[in-house]
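Participant: Build the complex from these two chains, which are given one at a time in their own frames, with help from the hints.
Chains as they are written, first to last, in our numbering: chain S, 1 to 375; chain G, 376 to 720.
Simulated from the structure, these hints should not be mistaken for lab results. Any given hint might turn out to be false.
[Said to hold, decoys possible] BS3-like, lysine-lysine: derived pairs with alpha carbons at most 30 angstroms apart:
{"hint": "1", "chain 1": "G", "residue 1": "K484", "chain 2": "S", "residue 2": "K172"}
{"hint": "2", "chain 1": "S", "residue 1": "K262", "chain 2": "S", "residue 2": "K168"}
{"hint": "3", "chain 1": "G", "residue 1": "K484", "chain 2": "S", "residue 2": "K46"}
{"hint": "4", "chain 1": "S", "residue 1": "K46", "chain 2": "S", "residue 2": "K96"}
{"hint": "5", "chain 1": "S", "residue 1": "K3", "chain 2": "S", "residue 2": "K46"}
{"hint": "6", "chain 1": "S", "residue 1": "K334", "chain 2": "S", "residue 2": "K262"}
{"hint": "7", "chain 1": "S", "residue 1": "K96", "chain 2": "S", "residue 2": "K330"}
{"hint": "8", "chain 1": "S", "residue 1": "K168", "chain 2": "G", "residue 2": "K679"}
{"hint": "9", "chain 1": "S", "residue 1": "K354", "chain 2": "S", "residue 2": "K24"}
{"hint": "10", "chain 1": "S", "residue 1": "K172", "chain 2": "S", "residue 2": "K306"}
{"hint": "11", "chain 1": "S", "residue 1": "K168", "chain 2": "G", "residue 2": "K424"}
{"hint": "12", "chain 1": "S", "residue 1": "K172", "chain 2": "S", "residue 2": "K309"}
Chain by chain, the residues run as shown.
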Amino acid sequence: MPKVYNWQIGREMNYPYEAAYPEKQFGAVFDINKCIACQTCTLACKNAWTSGRGQEHMFWNNVETKPYGSYPLGWDVRLLEQLGGQSWSNGVYTGKTIFEAAPPGRAALGFLPEDEDWAHPNHGEDEVAGTIDRGAYFTLPHPVWMFYLQRICNHCSYPACLASCPRKAIYKREEDGIVLIDETRCRGYRECARACPFKKALYNTVTRVSEKCIACYPLVEQGRQTYCTLSCIGRIRINGWVHFPDKAVLDSPVDFLVHGRKVALPLYPQFGLNVNIYYIPPIHVPQEFLLQMFGPGVPNAVDTYKRVKDDPELLGVLLLMGATDKWIEKFRVKEGFAYGYDAKGDEIAKVPLKEPIYIRPDFNAATGAFLHNTP
Amino acid sequence: MTRFFKHIPLLAILALAFALSSNGLALAQAQPQLISVYNDGELPLTDPKSPAWDSVPVYAASVTPQSAIAPTLFAATVSSVEVQSLNNGEDIVFRLVWEDASQDSHATKPDEFRDAAALQFSVDDLDAEQTQKILCMGAAGQLVNLWHWKADWQWDIDNGFRDVVDAYPNFWLDHYPFVVGEPPFRLPTDFNSEEARAYLVGWSVGNPLSNPARVTPVEDLSSMGFGTVTSQADQGLLGRGVWEDGKWYVVFSRPLVSADENDVQFTLDRAFSIAFAVWDGSDQQVGARKQLSTWTTMLLETEKGIAGPTPKVLGMPIGTFITIAVVIVLVVVGAFFFMRRRKIA
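Chain G with its partners taken away, still in its complex shape (with noise of 0.2 angstroms):
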């Protein structure tokens, strides 16, 4: 029996490779990977600016026009987006970095559009192959959520709501049902009562995009297939962008769980599907007119190193397998050695 002993960590050994020569590991690794890097502490989950970034590592994601459908992008503006993130084991924390050459935080006149950024998450722990069928905005039954980050939101938390006296300087009008206050008056604080948002259409109904009172510059919005986006009712994403010498900064952050059954819920169990999109607004480029990613894996790291999705093995975690195997050959084995001494008696 001792001897056998001997040669239980050779037959781990046997079976751990068994296992890497399988499948699931093996397509996993082949992935480029997003890791989330673990970071013990305060994480800036909205200073895209702060030195804690300094030392992330950097995934490289290259973004082309969209043309799967109508409308297409003809030509991109942005080739690639610099990738980055952070957690701290509650949060967890993206920055996005992209060369623009023009900062367009105005979506105010009829012909102004803004810069945006957008990730996309796969909401259910799908395999590659399902995930590949809903890159594009989700699919029927198949939930992306997407935190979408707006520059015309970001100047108006940081400058005050872009009124139309702002784009217009020299606007004046005197009067406009139900405002209170003096003329060239300002949204919201003048237009607040019911009866003057009536005439703010919609604002009255709800619509997250017409709000003037900014609480975040990221959206958060589910979507299950083409023109299907819509805004969550539940709205729990920080952000901030900042455009500095031809680049914008961009973070998202979110608790790493949270209650809403839409959202991506960053779990240790598995790994994530994760895509990145951008717009630039001087190239009128909104809505599905973009430059996007394919989908990249993402990997959450913890204080004990990288988590993810347990390998499987003819359809059993790794873990199992590798029980299974050793009981099956300690039994062989314990049986030869029970039969031989038997003969031997």
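One chain only, chain S, in its complex shape (with noise of 0.2 angstroms):
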């Protein structure tokens, strides 16, 4: 079996199929800490993308509630058991990726959800990890905690769906790397639902073929940022270009967050499939939680973000989140204010780091009214 270097685990792998990267990699970091599951997202999505008959049960886009919540029931933590044991070495991911694990005759370890598993999409939410005792009070991290995890397709660099379709039926485009299935080939077999480890391949109950995100490739492909980012009204969302840390492009606002400030990090990078969605880690859950979820680079994340007021580059870049609906190629901080361009180097976002503030006074000369902030 062909190796592949994955550096979200800091060496080779296993990989049913070359290496083979395209010219350019679609990305996105999500700000965990400032989600509160809206789902407006998940709304946005579900109206643009899955409105169809067959598709009721689809949601390409999530929010679910961790610790509790999962959206098929048990996605991460079913995998996580058949994995087993998944250890950590100096930054490199020692135990078995899911192509490492894989039953012989197959190419990735994973499992077919039920149809019982689709049918509870809010299960868990906003449960908190345990229950509260009397006098208790909070500190950081919280000892009573919860949090949204904002979930769409991983566009992987080594996709398990890819791997695992015997048709080669689902392929990665060479212009943006956005993964797709070729719905005139697909003949339904779900091996892509199967391998995939974050069950984003679904199966359509009525075109009986298999469907997932197409990270909205036509937005994509007018420089416009996707219908779940541009949606957000929490701004947690950033798309934008990814590199491997060897060709990182700091001036690119994902780059500069995954690659230069490493606040952004992989979700479940012990699976194996390089993925391309980037979280910054929520900063009141305890560390032991996070590291399963997003290895080895969280108290670093953590601790960058949380000295954020002192690092104008970082403020600057997580204030243009959601602040245009362009595609950010480039960003720049200067004189109190983060600016965005496009791939022309035309501007096209400006963000003061901190806001002005105006002080109104309380008498209005012009109505010879006095105005009070309470009625």
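Facilitator: See below:
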């Protein structure tokens, strides 16, 4: 089996195909700390792409509450259990990826969710990790905690869906690395649905073939960000091109967060897919849990994020999130403002690092009335 | 000369014996064979339970788990398939019967898989060695023709398209883009405009798996190697499957000769390589997760007897060989008598 380099686990690994990288790679960063699980992203995606017959159970984008929420049911804990112990040593993953742990005659370790597993998209919603004792008070991290995990297809560099499709009906686009199912060639075998650890390849109950998140490629082709990103009212998301560390472009917002400041981390890097959606981990959550979910970069990411007020560049990029529906190729922070530029170098976003404060006099001379904040 | 003519039958027998001992015919006879029995009259083209099948000899094909390529099947749930075939000089029909304790006629829910069965034919008339190389779904440049019967297609034809409202009886959704009619709606009628179909992507791009208006339960496919199976543009197969008392009875039929160059053509001058596969839906068997047989030789019976390839001797058809042999013998013997007569004279 060919060997490929997976920078997220710090080593080479087995993969059914030779490494082949696109010209550019679609990526995104989601700041978990800012998400309120309003599901506007979920609904934007649903309205755009999965409002058809047979797609009722499909959420190409969903937001679930951790630790107990999951859609489909137990997607992550079931695979973690199958995979067994996962250990790291000095930033190198020493356990097995899902490709290395694949049973004979399979491309990857995995399972096919049962029908009932798709029945509860809000399972575990807003449930906290434990019970709150009398007299409890907040410390950091929180003794009783929960957080929201926003999930779309990771458009992986080493996709398990693609690796497992015996028909090669799944492909990674040369121009942007977006992973797509060829709807003319899919025959509904659901090998992709078994192998994708994130369960983002889904079976359509009436067309009887599988479908998946398309990263809103018609928008990306026009230099725009995805619907889930541009609809986010909490401005937690940003799209951008992402590179391997040796080719990082540090004035590109996603690369800056992933490789520059290393505050944005891959989801379950130990699965071995070299994912391309990155998360800023929630700083209030105990690190034992976060280490399992986001790998050994967690302490640095949490620490860096906590010091954001002293880091104008990092602050600038975080403020550019949700500042434009256009695709930000490059950013710059100068004189108290963060600027976003498109591929042509034109300015498409400008945000102040500090919101200006306006003090309104309590007496309005024009109307002769006093103004109050209270009714 | 009259004495020589007395010996001609003996010479012919000798020549035939020589031909029979040559490799071509001997090899063909050593293979297990399926005979498509000639039946003058109406054939049970879509009737797997017709009494016509009672008198047709059964060829028992062993099937084993697919293990050549991922995803493999770990353990078989079906071990053999009974195969029969009839033809009437116009059409040909095959019947497959196999044991399956559960009828799996749906592929609607995300974890439901259909029962299915397939016949595979080598399109070209290849020798045994060449044929062996293309057992697994053909090879580059070597086309195989597959006839794939699907239990869910059969259900849709027999009972109407199995929609989400059938799989989930309490299902309700008020609206779909560009739908007509009243909730809970029905496929295909309420979604038949181009705009509505755009939200049923597989259907709108012409994927035959996704078309809810089924015409036949048997899909006509071509393949040239692993992962290349493709639905043909011309779909000309008939068939029907019935599950009864723990057994599937499935027929597949077609005219002997079709206009499609991707189809196997059942002409009288050749033998046919045929292989079988079955899928057990309740074991989540689909695609490469299947039980399959090795190649079997199939011969067509006609009004006049078994048709098939002409055995070859020294690279030429046996008839030509015998004719040439007889002519040579005649010339030699004739020359002998001529010389002898001249000598006497």
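Participant: Next step is simple, just say for each hint if it's right about the structure.
Facilitator: Here's how the hints hold up against the structure:
1. G:K484 - S:K172: With a Cα-Cα distance of about 27 angstroms, the restraint between K484 of chain G and K172 of chain S holds, given a limit of 30 angstroms.
2. S:K262 - S:K168: Given pair K262 of chain S, K168 of chain S is violated - Cα atoms ~34 angstroms apart, limit 30 angstroms.
3. G:K484 - S:K46: 20 angstroms, holds
4. S:K46 - S:K96: 35 angstroms, violated
5. S:K3 - S:K46: Distance of about 38 angstroms is beyond 30 angstroms: violated.
6. S:K334 - S:K262: Given that 30 angstroms is the threshold and the Cα spacing comes to 21 angstroms, the pair holds.
7. S:K96 - S:K330: 36 angstroms, violated
8. S:K168 - G:K679: Violated, because 48 angstroms separates the two Cα atoms, which is more than 30 angstroms.
9. S:K354 - S:K24: 33 angstroms, violated
10. S:K172 - S:K306: 36 angstroms, violated
11. S:K168 - G:K424: 39 angstroms, violated
12. S:K172 - S:K309: 39 angstroms, violated
Of the numbered hints stated above, those contradicted by the structure are hints 2, 4, 5, 7, 8, 9, 10, 11 and 12, listed in ascending order.
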